[in-house]
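Turn these sequences into a full structure, and let the hints guide you.
Chain by chain, the residues run as shown.
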Amino acid sequence: MAEKEKLIEVKNLKVSFGTGKNEFVAVQDVNFDIYKGETFSLVGESGSGKTTIGRTILRINPASDGEIYFKGQKINGKISKELDKEVIRKCQMIFQDPMASLNERAKVDYIVSEGLINHHLYKNEAEREEKVQRALREVGLLPEFASRFPHEFSGGQRQRIGIARALVMEPEFIVADEPISALDVSIRAQVLNLLNHLKINRDLTYLFISHDLSVVRFISDRIAVIHKGRIVELAESEELFLHPLHPYTKALLSAVPQPDPEMEKQKKLFVYNPSIHDYSVDKPVWEEILEGHFIYGNQKELDQYRQELKKA
Amino acid sequence: MKDQNNTQNDILESEDDLFRFVEYSPEAAEMTGYSDYSYWKSVFQNFVKKKSAVVLTIIFILMVIFSFVALAIGKYDYKTLETNSSQSFISPDSEYWFGTDNIGRDYWCQVWYASQTSIKLAFIVAVGECLLGITIGCVWGYVRKLDGFFTELYNLINNVPMIIYMTLIALLIGQSFKIMAISLICFDWLVMARNVRNLVIIYRDREYNLASRTLGTPVHRVLIKNILPQLISVIILRLALSIPGTITMETTLSYLGLGLDINTPSLGILLRNARSYFLDYPYLLIFPAVIVSIITVTFYLIGNAFSDASDPRNHV
Amino acid sequence: MAKEECILSAKDVEIQFSLRGRRLTAIRKCSLDLYEGETLAIVGESGSGKSVFTKAFVGMLDSNGSITNGSIMYDGVDISKYKTEKEWLRIRGKKIAMVMQDPMTSLNPLKKIGVQIQESIELHQGLKGEEAKAEAIEMLKKVGIPDPEHRFNQYPHEFSGGMRQRVVIAIAVACKPQILICDEPTTALDVTIQAQILDLIRNLQRELKMTIIYITHDLGVVANVADRVAVMYAGQIVEYGLVNEIFYDAWHPYTWALLSSLPQLGVKGEELPSIEGTPPNLFNVIKGDAFAPRNKQALAIDFAKEPPFFSISETHKAKTWYLDPRSPKIEQPETIRRMRERLRKRG
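Protein chains in written order, with the working numbering: chain G, 3 to 314; chain F, 2 to 317; chain C, 290 to 636.
One thing to keep in mind: the hints can contain errors.
Straight-line Cα separation of at most 25 Å, PhoX-like style, residue types lysine-lysine; simulated pairs [as the list claims (entries may be wrong)]: (1) C/K430 <-> G/K270; (2) G/K8 <-> C/K557; (3) G/K269 <-> C/K344.
Don't read these hints as lab results, they were simulated from the structure.
Computed from a predicted structure; not experimentally measured.
Structure, rendered in structure tokens:
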């Protein structure tokens, strides 16, 4: 198998807010890589730190410890202006709430070309307009929408404007922070299809953040499960669904309601109790228990998981 | 009867005809629930619904216009007024429409000239405090590191009553229109800055501003294009309330002899001059007092009406 | 299955709102029967009218809305004709209770939660003082709040989202209502908490013998809780039936589109069948089938005449011209056939 290029590497990431007594550690000991061309999903509940990780990679939050690499270059902490510009161009974000992520008082034209204007990425007015129109067409909107205001559009269309805004920068890596959670059920499919198309047409890599495991299965190549700031399990998506090992992953899977009545009626709910972990003596590690399947646990638990895998 | 049967069959048949597939048209599907809701149009419509605010606005505009007209049609020109003790304290009559003051000058042109001065001062101060207050408020709210510094500055200045500052300035620096204007601006920006800063803090971390940050938008453009448009209604409200505030402050200071110099007429100076005589000649007090009241009440009510109108929850 | 008693019957209900000078018809001739002891799920997207419809059952329509047609028969009385708060108070909270989506807005942040439950009990059960307090603590225990005597004296902000929702449920069932309406009670909660709350409501239903109406847009939740399902679109119920009939044998094109567009039922690598366009503007009068403009396989008659309900079985009805004998043969979509296959394979 050809060596896949690592686009993003996250090593020992720690993000905390506040200082001293009020310090709140949002994320700690996070390690993962994102390969070029894949959709890597980060799944967790509210307060798990998944949004924080996404924002820290894009330098919205500062990292308290650890390193983040983009194409081999360190991008956290103080970096040169050129590298900062490159990160802004190549790494973009799609936000969760289409009602809050667009500037209500600006025309769609300005919203989409904001990034272009910031970095003078066009020679003249005509070229800028052309780029905006191309971006709008690519997300399935009509070019004449450029002269309208966001409040004239529905939620799904607004989300597509947000995607056009990220696309016009011609990025390589996009962090999609719960892009469909705030949308109506029937609109979600449109946006998911669009994201998949763009991935193929534009050779994009995604970090897809979500709280919904069942949606994530459809769109991702690899999935990481995060609980209270720590990644507890990471595997290829089918592998994760076939062999979930960490009790939190199992609890999450059993809690997600499937649109299949017979299956739901027979389901037994598995509740996760964090106190089942005894980390006082036997310290936990982040280990690759199978090829591509990582898990967080101490030696005793790792042995249990290995037993489970053998039986499966 | 036969005809009816035929038509019945016709109807059934044409209905049967309709059971075929039709071309799917994506344009028809994309017919968005287009909402022609325009924020400012709704604000205007709401404001206009409050008859009292509209009436007062009209009264005020008329008054300002009239103040120019009044001087033009007045029998006496302000600049050529002479003091004439023999004409003093004449009650309003056909010769002197507002009567004369204690040294025989026509009161009509004094009152209207004074109104112009006071209004001019109020507007200059309003614009000045607007610019200064918004700029400082934006920096105060947006740059986290400067928040502490500005808060201390605000507390320092705010804790001393304005009267004391104005007194000190009047005594140490002097009294004139320019000095009054500048010193009022220098202390009035506080309220505007605080209001702006509070809102900037609320809007700063909204998702669309985070989006601008990830796109590399510089801070000044984020403030001007993203945040300030949301603050317009608060700013206008603040302006509307600052105008009567300035007039009141000027009136008070002039009354105490700390305001404009005696040769620059203002409503406050007139009130001051009338102080000694108004029991005998109430008209000297009434005319300037009425004008001050009209301005104050007008702007207060307009400000409130506007603030209600610009609340999107009232736009139903 | 024995025929259960029908306890609430809405017929041809029409609800209109006056908005910015125009009239919006939010509910267009909706009929619904509710049977004792069942769990009915009403599914629809935002704008379908599902919340508005059930708010009419407890008299909680916004002030600019009114029931302009139809009847809602409950307990022998047409409650759609109620005009005064006094009339509604006989039912609301006592016989029909409601649990809403956001627990923070349902609770008074300035009152202790125990007191809030106690007030509900005093109002509806006629108990007073110490008796009511004991009953309130009992309620807290029943909804699974640990250490109820201590937590009785705490304020809403001291509870987590899931706990708050449990308190809201406690207040709602404190007076042992006959019907409990849950309007998206778990949408704002984490998925693990959601599973626990759904379980809780199921247990309470069994214990207190309640009939439950669930309003949701999440078809997974529907599969988990419902006995019967009603699908709403653009202010009308377009299909209803037993839960298995809706998931494995749906017939309305909107239900098809809804099920097909679920990522959980999608096949990886294939495009997810999506519904183009947006729901219709309810300010306008709608001619024919409201879903027709977005239906890629619409019939001409869908644009001309509104379809009546056709029966697929005694319990399953759909409002679509596809079921008219004159309609051309049309097959159910891939997604639904796949689900039936999977069900068959599981035995």
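Please verify whether G/K8 and C/K557 have alpha carbons no more than 25 Å apart. At roughly 24 Å apart (the allowed maximum being 25 Å), C/K557 and G/K8 satisfy the hint.
Holds or violated: G/K269 and C/K344, Cα atoms, limit 25 Å. violated (32 Å)
Are C/K430 and G/K270 close enough, with their CA atoms no more than 25 Å apart? holds (23 Å)
The structure is inconsistent with hint 3 alone, although it conforms to all the rest.
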